[in-house]
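Undergrad: Residue numbers (numbering that gives the first Met the number 0), protein chains in the order written: chain A, 0 to 113; chain B, 0 to 600.
Derived from the structure by calculation, the hints contain no laboratory data.
Ideal Cβ placement from N, Cα and C applies to all residues, glycine included.
Be aware that one or more of the hints could be misleading.
Only pairs whose alpha carbons sit at most 30 Å apart, straight line, appear in this in silico DSSO-like list of lysine-lysine [as the list claims (entries may be wrong)]: (1) LYS22(A) x LYS523(B); (2) LYS22(A) x LYS179(B); (3) LYS340(B) x LYS391(B); (4) LYS450(B) x LYS295(B); (5) LYS295(B) x LYS86(A).
Simulated coverage check for chain A against chain B, where a stretch passes if three residues somewhere in it have a Cβ under 8 Å from a Cβ of chain B [to be verified]: (6) 3-17; (7) 49-58; (8) 76-89.
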Amino acid sequence: MNANLTATEKLSFFAEGVYSLSKGSATSWGDVTPEEDHHFAVSTPDYDFSKVNEYSDLEYTQLEGTLGVNYKLDKRATVYGSVNLMKLQDDQEYVYGDLTGMIVTYATGMTVGF
Amino acid sequence: MRTRNLIMCSAVLLMCWTAVSLADEEGAFVEGSASVGAHYSHFTDNPVRVGEYVNLNATKDLQADMILNLFGGTDNTLYNINLDYRDVATKSFEFGVDTKSLLAADFRYGSFIHNLDHDNMRNLQGKAGGKQVYNTDNDPMGRYFMEYEQFHGNIKVDMPFLTDGQVTLGMSDQRKSGYKQAMSIDHCAFCHVESNAQRVDQQTRIWKAGAEGSLGPVSVNYDFAKTDFVDRANAPEHRWKTAMHPVKGPIDPVSGLDYVAEFGSRLGFHDVTLPYARTADNDKLSHSAGIKVDLKRAGTLKGSYTNTNRTNYHTGIEGKFDAGALGYAVRLTPKMRLTGKFLAYETKVDDAFVDLPLFRDGRGAGGLDFDWNRISSANRKVYQGDLNLGWKVAKGKHLKVNWRYQIIDRPAMAQSQTNYVFDGANVGPAGIVETLPSEAFENKTTVNRVKLRYDSRIGMKGNYNLTYTYTGVDKPFMNPTAMCEESLIGTGSAHPGGTAAGRLYYFQRERFGNGSNQASQSHKATGRASFQITPRTSINGFVTYAQDKNDELNIYQYDRDYLSPGLNLWTAPADQILFTLGWTYNKVKSNENICIPIFDG
């Protein structure tokens, strides 16, 4: 999403944002049992693979947005201010731990055209 | 870096001064914009993934920033200067000048931070009876990142005595430094995984020179490049533990058997600290030459040759790459064009001799020599031919047909490791049966691919295309001894130079199951369309379906189905508002055989 709004001749606002949702999963391996014992007598093959597919579960929600304002001092000079938000929600923790996090940035300055 | 920054700042000042001086000349112009400001960032929770390319060292502190975009010139010269400074590690600078007739040059410098994940290895812990897996993170609070710096410079000088004649000189300097996570495993493979921080300080420099030009219908070009890579950081180190019984320890409490001597004699090393995850210094030298002949109505003929040599300074191993290509294009009718291409290349890397200590040296039925010659899996000869037919069926409708025939000859396809193959006799643990190092199961892979593509317009507001590809592969790449072992107990396999050794099951793995994720047959269909619904709204979509299988494997058939549709909507309800909406779905259904290792494999 991207939007610009000119409030007055000198004052304008701008906004842009991106929202994304990513999901991933794998189906179960089912019942994994040794087909044949080629070597030693594996009397108790007690390995459990029923949850291995859950390693592939992923769910990220990401939002990045900026709100800003421009004010024209004259034909060439503009002062601006903005706030930018980057947010990630990790709802399926993987081997890297919970990656949920947020960064907020405030910016201001002046632009001169020539 | 301070010296380089000083040089860069001096260069910026010199270029700005030059720009201002040029602007004083008659007919000169300069335009652009400059921004000066400040920003402040802060984060909560874990900033590493959400701020993957944010310099986290510059957060929670006020940072000055600057952007300068400048474009100008005179009657004979154009130039541009672009500067973007965000913080000390996130910045870029670009300068370009073109004198139209004699010289053109461009220089670019940029740096940024890439934050890296930290694997906490929590999926590598568990215990059931004597079976266990555990991990050690020696840097649990470590934050990993790479700082990239790149400088590129190119100068082009015209050669007026040739048509389009030009000499090019270029230089590139890339630096990568920081810390990353490096893991190592102990003797018992994945039973114990250890993680350390690894310092990285790598530099890649590339020097390039080239020339090109045309004389009548003949155009030629030559390019030279030299690349060198160094890593100045020390490799991390790992302490490989003393070999012993995984459950009973160094001495058997009942029999008194010395397990350190027994298990130690089966290993190449133990009870020692060694570096790992080392990145070897290397360099690359390459030459390439090309020729193009315009045969007028008879078509166009192209040819090229490339030679590349690489040297690994850690192992002393050298690799060579030679490639030649020929191409011919001709217009058969005003609406039909035929092109043919032939490509041949060879990659040859020196063999590596794997010098191992004697297996179970000094112990019963031991003293066996398992040295072997490792043939690089990169080695191959490839021959590839392509025929392309392009046909303009009607106005706005095109059909393309491509046929590719490819032969890949790999000497190491079946030699990912030396394997001692049991010859079929069964004389029991006390007998001696000759076993032989494995030979290539099959070297040659042959690929036949047919691709059809049809493009069409939908009135004046849209278009679509349909693509279908069939690929048939004879002997796709696989490891013929990838999985599933036969027992050695009862077969009595032995090393050719030694006596029978029933304990050789650690080495004498008689794996017989083929393994591959490469298809022997593949069908792939793709459809794409885009349409302008209104002057302010458009939509495009795609769907890809692929069905692969490999029925050449000996213990299972590999299958893979892939489906991926997607839709994108773009709409601008007013001049200053734009909405985009995207959806992508991927579904992969595949199968794989696994042989689960239980202690001895």
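Undergrad: Which of the stated hints cannot be reconciled with the structure, identified by number in ascending sequence?
TA: 5 and 7
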